[in-house]
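Residue numbers (numbering that gives the first Met the number 0), protein chains in the order written: chain A, 0 to 259; chain B, 0 to 171.
Calculated from the structure, these hints are not laboratory results. These figures come from a predicted structure and were not determined experimentally. Using N, Cα and C, we set each Cβ at its ideal position, and we do this for glycine too. Check the hints yourself; a few may be wrong.
[To be verified] Calculated lysine to any residue pairs in the SDA-like style (CA-CA distance at most 20 Å, straight line):
| no. | chain 1 | residue 1 | chain 2 | residue 2 |
| --- | --- | --- | --- | --- |
| 1 | B | 33 | A | 100 |
| 2 | B | 33 | A | 31 |
| 3 | B | 33 | A | 132 |
| 4 | B | 33 | B | 168 |
[What the hints assert, rightly or not] Ranges of calculated distance between the beta carbons of each label pair, as one might list FRET restraints:
| no. | chain 1 | residue 1 | chain 2 | residue 2 | range |
| --- | --- | --- | --- | --- | --- |
| 5 | B | 56 | A | 101 | 48 to 58 Å |
| 6 | A | 111 | B | 122 | 33 to 43 Å |
| 7 | A | 102 | B | 105 | 19 to 29 Å |
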Amino acid sequence: MCVIGEVLDPVAVDRLLVRVHTELQRLNEEMRMAERFAELLVPILTAIRASGTCLRVVDIGCGLGFVVRSLAASGVLGPDVELVGVDFNRALVAEATRLAEDERLRCRFVCADAFTLAEEATVYLSNGVLHHFPAGTLPGFFRAQDRAGVQAFIHYDIAATRLAPLGAWVFHRARMREPLGRHDGVASARRAHGDTVLLSAAAHAVGMDTFLFEPPRHTNPFCAAMRPVVGTRAALTDEFRRALGRRARGLAVARVQASG
Amino acid sequence: MTVIVPVVLSVLALIDAGFAGFRAATGRNARIRKRSYYLLAARRGLVAGAVGLGLVTLLITATLGCSADPGVRYGELVRAGTRMLQILVPFAALVVGSLLGYWLLPIRESAFVILVGLGPFTVLRPAVVLCAIMWSTAGSADRLVWTATIAAGLSVLAVEPVIHHRWYRNPA
Numbered sequence: 000m001c002v003i004g005e006v007l008d009p010v011a012v013d014r015l016l017v018r019v020h021t022e023l024q025r026l027n028e029e030m031r032m033a034e035r036f037a038e039l040l041v042p043i044l045t046a047i048r049a050s051g052t053c054l055r056v057v058d059i060g061c062g063l064g065f066v067v068r069s070l071a072a073s074g075v076l077g078p079d080v081e082l083v084g085v086d087f088n089r090a091l092v093a094e095a096t097r098l099a100e101d102e103r104l105r106c107r108f109v110c111a112d113a114f115t116l117a118e119e120a121t122v123y124l125s126n127g128v129l130h131h132f133p134a135g136t137l138p139g140f141f142r143a144q145d146r147a148g149v150q151a152f153i154h155y156d157i158a159a160t161r162l163a164p165l166g167a168w169v170f171h172r173a174r175m176r177e178p179l180g181r182h183d184g185v186a187s188a189r190r191a192h193g194d195t196v197l198l199s200a201a202a203h204a205v206g207m208d209t210f211l212f213e214p215p216r217h218t219n220p221f222c223a224a225m226r227p228v229v230g231t232r233a234a235l236t237d238e239f240r241r242a243l244g245r246r247a248r249g250l251a252v253a254r255v256q257a258s259g
Numbered sequence: 000m001t002v003i004v005p006v007v008l009s010v011l012a013l014i015d016a017g018f019a020g021f022r023a024a025t026g027r028n029a030r031i032r033k034r035s036y037y038l039l040a041a042r043r044g045l046v047a048g049a050v051g052l053g054l055v056t057l058l059i060t061a062t063l064g065c066s067a068d069p070g071v072r073y074g075e076l077v078r079a080g081t082r083m084l085q086i087l088v089p090f091a092a093l094v095v096g097s098l099l100g101y102w103l104l105p106i107r108e109s110a111f112v113i114l115v116g117l118g119p120f121t122v123l124r125p126a127v128v129l130c131a132i133m134w135s136t137a138g139s140a141d142r143l144v145w146t147a148t149i150a151a152g153l154s155v156l157a158v159e160p161v162i163h164h165r166w167y168r169n170p171a
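Taking the hints into account, I'd like the entire structure generated from these sequences.
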């Protein structure tokens, strides 16, 4: 890594981040993350469409925007859904924009705080972001999404199991070349939040019904390597469950008090 | 067996080379539609694998041609190849089974296959090739067996780094 004076060369850091996120995309492709989001987004958006609300999906901490670009490329959500990726890192947003333009995808990327966008989100989502927040700040994160216009959220993150760090080590060893990516993969699995922590934090979105979808205790823990916290407006929940069909059995309802 | 063993080994080496080419290209292109990109990478791997295979074949043919007892030495090679297959075929079967599981199973179950199958198998692959080399040469005093087996193993392991270094060092 290049150093200028006593600090790392910002250009080299940006290049490294783009390389690591490019490698990271492979993991998301293998874990079929875009399909996982679509599995929940399609019934949620079906439920919201019935109420005539405009449909804007905002990906928080989108990185290179793999999920947004995949959903745009597949068209699975329909042409009436606006897809926006938001990230604080300018280099990642610039690269996501370049990639989307290169493939002429109907989505856009913004360097900003996802909660201060001029246009309100209908659905917030994130992929592998929650473990970056300390447990104490998670209630604020979920509370910020309980605002007018927001109908639902889906936040996928690493399931905190005993085997997660070992699985992450093997998986990142096999799939990533950058030492930073290999290290971060294991560190992320170590700091992943448990189901109870996430549900307690999600309960701070008091206007929402919150669930975990197919968490480890509901299924084979190996299969639940990634599992989402889902929130929907109470008025949408029944319709969402209906649209989800048999898979609605995988929704684990939050039965914990909001704390902190 | 004199024909089947080298044919099966060659087919395995070429299929592995195609996948090695694919792996060499992974993590370097963040576009969504990458079918042609991966097909090109697999073709590059296949060609590199074929070149390695050709060199090993050339080495064996030239040595046998200069040998006083080519039939005996070829028999030694076939025995070594058979022992090599005893390691490689079960591993290949596990990989093929995992790939089928990944393609055919629902989303979460396919993730399970990645975590317990394809991911670890990628990490184990060099060790498996090394085991196959050691097992196939064990008990043989023929230098051709040792040379050909080690050359074949190294050429199989070299495909991915060579393709990656030549074409996929930087993000596309």
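Cross-check of the supplied hints:
| no. | hint | verdict |
| --- | --- | --- |
| 1 | B/33 - A/100 | 15 Å, holds |
| 2 | B/33 - A/31 | 15 Å, holds |
| 3 | B/33 - A/132 | 33 Å, violated |
| 4 | B/33 - B/168 | 17 Å, holds |
| 5 | B/56 - A/101: 48 to 58 Å | 42 Å, violated |
| 6 | A/111 - B/122: 33 to 43 Å | 39 Å, holds |
| 7 | A/102 - B/105: 19 to 29 Å | 27 Å, holds |
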